[in-house]
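Model the placement of chain B on the given structure of chain A, informed by the hints.
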Amino acid sequence: MPTNVIMPALELAQETGKILKWLKAPGDTVSKGEPIVEIETDKVTVEIEAPASGVLGDVTARAGDVVPVGTTIALIAGAGEAAVARPVPAGAPAVAALSGPVVNVAGQSPPAATIKASPLARKLAEEHAVDLARVKTNSGRIEKADVLAYVERRKVARAADGTAARLIAASPKARRLAAERGLDIGTLHGSGPGGAILAADVGAAKAPLVAAAPPATVGVSNVWRIMAERMTASWTTAPHFYLVREVNVSRLVSWREKASKHTGARITYTDLLVKLVAATIAQHPGMNAAWKDGTIVRNADINLGLAVAIDDGLVVPVVHRADTLKLPELAARREDVVSRAQAGKLRPADIQGGGFTISNLGMYGVDAFNAIVNPPQAGILAVGRIADRVVAVNGQPAVQPTLVLTLSCDHRAIDGARAAQFLGALADLIEEPALLV
Amino acid sequence: MPDTAVRELTYGEAVREAIAEEMRRDPRVFLIGEDVAEAGHPFKTLLGLVQEFGTQRIIDTPISEPGYAGIGVGAAMTGMRPVVDVMFGDFITLAMDQIVNQAAKVHYMSGGKLKVPIVFRTTLGATRRSAAQHSQSLHAWVSHVPGLKVALPSGPYEAKGLMKSAIRDDSPVVIFEDKMMYRVKGPVPAEDYTIPFGVAEIKRAGTDVTIVATSSMVTVALGAAKLLEEVGISAEVIDPRTTYPLDKQTLIDSARKTSRAIVVDEGYERYGVTAEIASVIADGAFYHLDAPVKRIGAMDVPVPFSPVLEDLTVPSEKSVFEAARALCGKA
Numbered sequence: 000m001p002t003n004v005i006m007p008a009l010e011l012a013q014e015t016g017k018i019l020k021w022l023k024a025p026g027d028t029v030s031k032g033e034p035i036v037e038i039e040t041d042k043v044t045v046e047i048e049a050p051a052s053g054v055l056g057d058v059t060a061r062a063g064d065v066v067p068v069g070t071t072i073a074l075i076a077g078a079g080e081a082a083v084a085r086p087v088p089a090g091a092p093a094v095a096a097l098s099g100p101v102v103n104v105a106g107q108s109p110p111a112a113t114i115k116a117s118p119l120a121r122k123l124a125e126e127h128a129v130d131l132a133r134v135k136t137n138s139g140r141i142e143k144a145d146v147l148a149y150v151e152r153r154k155v156a157r158a159a160d161g162t163a164a165r166l167i168a169a170s171p172k173a174r175r176l177a178a179e180r181g182l183d184i185g186t187l188h189g190s191g192p193g194g195a196i197l198a199a200d201v202g203a204a205k206a207p208l209v210a211a212a213p214p215a216t217v218g219v220s221n222v223w224r225i226m227a228e229r230m231t232a233s234w235t236t237a238p239h240f241y242l243v244r245e246v247n248v249s250r251l252v253s254w255r256e257k258a259s260k261h262t263g264a265r266i267t268y269t270d271l272l273v274k275l276v277a278a279t280i281a282q283h284p285g286m287n288a289a290w291k292d293g294t295i296v297r298n299a300d301i302n303l304g305l306a307v308a309i310d311d312g313l314v315v316p317v318v319h320r321a322d323t324l325k326l327p328e329l330a331a332r333r334e335d336v337v338s339r340a341q342a343g344k345l346r347p348a349d350i351q352g353g354g355f356t357i358s359n360l361g362m363y364g365v366d367a368f369n370a371i372v373n374p375p376q377a378g379i380l381a382v383g384r385i386a387d388r389v390v391a392v393n394g395q396p397a398v399q400p401t402l403v404l405t406l407s408c409d410h411r412a413i414d415g416a417r418a419a420q421f422l423g424a425l426a427d428l429i430e431e432p433a434l435l436v
Numbered sequence: 000m001p002d003t004a005v006r007e008l009t010y011g012e013a014v015r016e017a018i019a020e021e022m023r024r025d026p027r028v029f030l031i032g033e034d035v036a037e038a039g040h041p042f043k044t045l046l047g048l049v050q051e052f053g054t055q056r057i058i059d060t061p062i063s064e065p066g067y068a069g070i071g072v073g074a075a076m077t078g079m080r081p082v083v084d085v086m087f088g089d090f091i092t093l094a095m096d097q098i099v100n101q102a103a104k105v106h107y108m109s110g111g112k113l114k115v116p117i118v119f120r121t122t123l124g125a126t127r128r129s130a131a132q133h134s135q136s137l138h139a140w141v142s143h144v145p146g147l148k149v150a151l152p153s154g155p156y157e158a159k160g161l162m163k164s165a166i167r168d169d170s171p172v173v174i175f176e177d178k179m180m181y182r183v184k185g186p187v188p189a190e191d192y193t194i195p196f197g198v199a200e201i202k203r204a205g206t207d208v209t210i211v212a213t214s215s216m217v218t219v220a221l222g223a224a225k226l227l228e229e230v231g232i233s234a235e236v237i238d239p240r241t242t243y244p245l246d247k248q249t250l251i252d253s254a255r256k257t258s259r260a261i262v263v264d265e266g267y268e269r270y271g272v273t274a275e276i277a278s279v280i281a282d283g284a285f286y287h288l289d290a291p292v293k294r295i296g297a298m299d300v301p302v303p304f305s306p307v308l309e310d311l312t313v314p315s316e317k318s319v320f321e322a323a324r325a326l327c328g329k330a
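As given, the protein sequences belong to chains A and B, one line each in that order.
Letter by letter, the first sequence follows residues 0 to 436 of numbering that gives the first Met the number 0.
Letter by letter, the second sequence follows residues 0 to 330 of numbering that gives the first Met the number 0.
Here chain A stands alone, though its shape is the one from the complex:
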């Protein structure tokens, strides 16, 4: 039996995934575990690995297609097996367009190899970059004339695209005035014959306040859009509260120096904080929870998310079971996921299962900040920079390295007292890491 390649559900709420790029072509031999397709989900871009070894075939979703999760997008035929086309399971949800003007329904276009076409038609199609699947034919077999007719229609259609603006009725003077004033002729109301825009209509239109460049609209990536949606959802549904605590990090600083020397690895403060937060959460499991459908769901494992800024937004790769990892392992894991996050190469597993998030903006010189809870988690720890600050020690001012921690919480999942206990325990550990045992 051939093995199905399925659009995976990488998170609970995911309904569809978008095919970014096939890394393997139909007919290619693939090995189990080898990346075969790039998929963009609500959160990240991931490579899907071949679920079996064999020959890739029956690819039904093309680059750009948005496909419901659970849909078979290809088959991998084992040795001696023929890839058999399988219908999309009955009752599969219709393909939804998330974005982009064209959504190809999976399975709509037959693969090029199965299309009947004369050799000359194929040659012409290749020369003109024509997808034979789009060429109509009356004879059932695509011939030269069919391809040429398609090319001609495409030419006309492309030409029409460029003339859309000119199809607006407007006098030459109105066009010139609009252009001079930086007005879009299409936005004006025409008072002339047949609604034609006249010079007076341009005069009536309000010129942009600043005649200079209009504000630039920046198209956003899927990652950015999802960030915006999730933060809006969190901000508008999760009642936030914040606990702020300044901690002395003299010991933390010397610990990092010793640990780096001792292990030979590049240990960062974030690594130490992951270690300490994981240990604290083990004692305060209420912080590792989520508000879900009227109940509090406690997570079994201590999986800590790290907020990572990438070029097109924010992603939160997860260090799983952080409480079980030794420092060098933590550092290696952190370095791995952060670098892959920045390269856009996170795997589905990298972003799943986070229970609490740490966001560190200390490297940007930020003293302290209030983070927005990363839903459905109960809390996020905002970490500021380490700086020498004046503090009172035994009634005397003293200069010590300190760090300001701000804990943001979803009040539905945890209350102030329990969150304060967690933060207090964490602060104690930071000020005296030896307590870690």
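Each hint can be trusted.
Output of the computed footprint for chain B on chain A, the stretches with three or more beta carbons under 8 Å from beta carbons of chain B:
id, stretch
1, 172-185
2, 191-203
Just a few of them, taken from the derived set where beta-carbon distance is under 10 Å, the chain B residues facing chain A:
id, residue
3, Ser258
4, Ala281
5, Ala284
6, Phe285
7, Tyr286
8, His287
9, Leu288
10, Asp289
11, Ala290
12, Pro291
13, Ala325
14, Gly328
To be clear, the hints were calculated from the coordinates, so they are not data collected in a lab.
Don't be surprised by glycine CBs; every beta carbon is placed ideally from N, CA and C.
Okay, now just chain B, sitting in the frame of chain A:
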């Protein structure tokens, strides 16, 4: 104190005065044509000239347009300055070879050694109930031909000034007088003056629409402008005075100012003077136009003999008024 400032002449008298003054000024000037001497021309425009200048300089000919046109071209090539009278503009068809292939070409084909300082004096204009062969306005035909200059006097003042310029010009000039204007009176200076070719005159300043009009259509346009003023539209009326050379810049500048233009001419509308001038304006004022350039010419039909029908074929104050109002979006 001469009464030059207020002296009025008819259009016909102005033409006669121009020819007489030039004949007195230059002995090489003579006039030749049908019924020009004793008859003083069927339109009575030349009355008295033969008495002053004699039949040696006011020469009656048989009915033979190609013949006397050829005499004129030959005389001009050999140093005379003839005024050739073609009674009706419709008859220039008979003299076309002399006008188009001879007069217009000789200077060029002789390498500039020969000049043809000739004036073809003829008429245009309908509504005289003269039927299809005596009512046409064919000035577009000669305006089309390189080597010819074409003048269209729109009133008595222009009739005298343009005629004198035509006679003094070293190139062949065809001057079309509107036969319906001979009795129209207007101020004409008694002293010597000329109107330069290729210089349009703004007859009336305005801000909303430019009406370019030729010959008697200038009067029509001025009448329309008055009607337009009553509905709050300010029309600028321009008389190009010569279709070649054409004062393109004045027309373009006006159209740029008003953003709208109508061209009115009594020649047939299709392929006509209106088309040429409209194209000049569209080309030069395109990015200043708020409406297409509108043309109003004579209906593209043989001019009817029926007075009712004939009147319908030519532009009128009313038709120009309505076209201008529609162009300004106030119809």
